[in-house]
Amino acid sequence: MKTLAELKPGEHARIVSFTDEELSLKLLEMGCLPGEEVILKKNAPLGCPMAIEVAGYLLSLRKAEAATVIVDFD
Amino acid sequence: MTNFSHPNNSQTSLKTIALVGNPNSGKSTLFNSLTGLNQKTGNFPGVTVDKKSGFFRITKGESFTSYRVIDLPGTYSLYPKSLDEKVTSEVLFDNKGIDFPDVIVAVADSTNLKRNLLLISQLIDLQLPVVLVLNMADEALKNGVIINEEKLSEELGIPVVQVNSRKNEGINQLKEKIASVQNPIKKFIDVKQLSSDFSESISYSDHIKMQIDAENNKLIEKRILKIEARDTLLRYDKIKGIITSCVRYEGKAKVIERSDTIDKVITHPFLGLLIFLGVLFIVFQSIFFIAEYPMTWIEDLFAWMGSSVSGILPDGFFNDLLVKGILAGLSGVVVFVPQIALLFGFISLLEDSGYMARVSFMMDKLMRQVGLNGRSVIPLISGVACAVPAIMGTRTISNAKERIITIMITPLMSCSARLPVYTLLISLLVPDSEGDGFFNKKGLYLFIMYMLGFVMALLVALVMKFILKAKERSFFIMELPIYRMPQVRTVGITMYNKVKVFLFDAGKIIIAVSIVLWLLSSYGPGDTFKNIETKYSEQLKTSDDAGKKEVETLIASEKLEASYVGWIGRKIEPAIRPLGFDWKIGISLITSLAAREVFVGTMATIYSSGDEENTMKIRDKMKMEINPDTGKKRYDEAVCWSLMIFYAFAMQCMSTLAVTYRETKSYKWASIQFAYMSVLAYVGSWVTYSMLS
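Going down the list, the sequences are from chains W and Z. The opening position of the first sequence corresponds to residue 14 in our numbering, with each subsequent residue numbered one higher. The opening position of the second sequence corresponds to residue 15 in our numbering, with each subsequent residue numbered one higher.
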């Protein structure tokens, strides 16, 4: 079981589920839906936060937040 | 026109429009297109969130309808996740509130329709008239996104109009739709689907209101969170279908690709940092140096007005009140305008272009260590010019705790008003012989003072991080919008609005304080004060012009000493003696309450140099001052450093306190700011003085 935080720049994955319910609500409304494809575009210069492409736009989130998202590698 | 400016006039019908949309959907640009400069900035009741409202009218033959547009804070959903977003939900749910809309104009970014439709679908279920604006339609087309407007309107059951608010295209069509809009013809989803407990009668807004109430009463239960998740998922499920039937994708996403390319440079680990420093340098230089010219003009203008007025009016109370009290106070307010306008011009440029989001993205990790947020960086940097606009700039921080900490520590950054104070004191510390060359002691000491402010700001932030309780969870789930060319109109309107708010809100308080300070320094207890002029009246008559001036400065100096301010200075002397200060410095500390740079002017008056422009003279007189207790120089190393530390940490700026009060809407935070900075200044000075003397 891998999380979004383990993605390397350029890698694709598909969202499976969330481990933090409160955070998941915010992520859901931002378009991070189960089944949705995400691409890690880059990490910030200091390694965190990260920028992912999801639902056709760029979303920034912290590593700790990404670790609550379970993904399936393509 | 009277109906226009008096929207409450019962003669016309006035309808309220709420502008609702995701952040970065071009909502503010649309707001500017609809209302032009016909705008008002205020506050939503009880919160610090800015309420922008504007007016326009739609004419139909002979009659017309006036509309009041309210620009609600951007949100991604009607289930609020921050204080800003809560305002939007509360306005939309409170059908008895004054801002409750007759029409909702829902703004969507056409390049990013799927995510935008979530909020739109929720708005449809409020069962209020909704018009959907597909904003930035031209950009979507460039991106290969082709939206079938009619089909979308049919699927959603609401009127849809394509608009390019940046080019003013589609505004008239939008107005036509606003004039004719009816309630949505169907619901997007049925509230009954969300939970088996819900009966047919519950409305969607009542349902979310219940959730917000439950959260307020700390009754968050898993069941409720599940309902929200279910709601969002159901909506997205339906949205997917709508996107498939209404949107075609052709060719490459050019705009997104261009944005990606810019990002490779802007957020590059090394280049990105360099660019950031470059941007800071330009902003800093502009606020510091470009603003200096208009600031001098303003000061000259007020000086001219002062001398003209005092020439026209007969000498006496009203002359002095007008010139030395009110005009001087006004000048102290207006002089900040160039810096505020410039700073907000830059902030607006950086925000609108999408760069600010990247700065937050790059600095978040660093700022998080001390309880701040990536978005705290710009206010802190701006604080080096002036804390007043910097604190006004903390609006972009959505987390309440992080915003408060940023507001509280910003005045510790050494602002431009401290510079003349440092300059005078450093010149007493460093003999001219050691003050030459590119790297010299003077420059080094000045650098130390600036660093001291910055380090202290971070330390205080760290302490507050552990003391303050977070009302909401800190997260950094934030959209990085695509880069867009900033618009002159948006930047201009932002500058105009910010200056207006500052002049009218903070200005009132600053002028009141200036008048009180003037009263205290122009009048004194007992007869001593009155007798000063009689004492010198003979001398004034007999001396020539040059001599007259000398006598007049002597009078001014003795008057200050005998005034209430002088009296207070003597009274507080025992308290400030441990810091190495005498009553003369005490007087300056009090007059500095209006603004720090007043220190130099007051010193000039006390030492009767008469000419405050000429710091050399004050410096020489201060250098010669002997401390009667020790028989040595008054301004030795210990006193100079102690005084500089005091000015670095003390909250001697009424304007900043006034703005803190305005921004936090509470005396509590303004008092805490004043108190903690005073303690810091006192202890810092005392330690410095004890160590060095």
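Since the hints were derived computationally from the structure, they do not count as laboratory data. A virtual CB, placed ideally from N, CA and C, is assigned to each residue, including glycine. Among these hints, one or two may not hold up.
Just the calculated beta-carbon pair ranges, DEER-fashion [claimed, not checked]: (1) Z:Gly-50 / W:Arg-27: 43 to 49 angstroms; (2) W:Val-29 / Z:Lys-522: 55 to 61 angstroms; (3) W:Arg-27 / Z:Thr-73: 52 to 58 angstroms; (4) Z:Val-697 / W:Arg-27: 53 to 59 angstroms; (5) Z:Gln-299 / W:Ala-77: 46 to 52 angstroms; (6) Z:Pro-445 / W:Ala-77: 26 to 32 angstroms; (7) Z:Thr-73 / W:Val-29: 42 to 48 angstroms; (8) Z:Thr-275 / W:Val-29: 29 to 35 angstroms.
Hint check:
no. : hint                                     : result
1   : Z:Gly-50 / W:Arg-27: 43 to 49 angstroms  : holds (47 angstroms)
2   : W:Val-29 / Z:Lys-522: 55 to 61 angstroms : holds (57 angstroms)
3   : W:Arg-27 / Z:Thr-73: 52 to 58 angstroms  : holds (53 angstroms)
4   : Z:Val-697 / W:Arg-27: 53 to 59 angstroms : holds (57 angstroms)
5   : Z:Gln-299 / W:Ala-77: 46 to 52 angstroms : violated (37 angstroms)
6   : Z:Pro-445 / W:Ala-77: 26 to 32 angstroms : violated (55 angstroms)
7   : Z:Thr-73 / W:Val-29: 42 to 48 angstroms  : violated (56 angstroms)
8   : Z:Thr-275 / W:Val-29: 29 to 35 angstroms : holds (32 angstroms)
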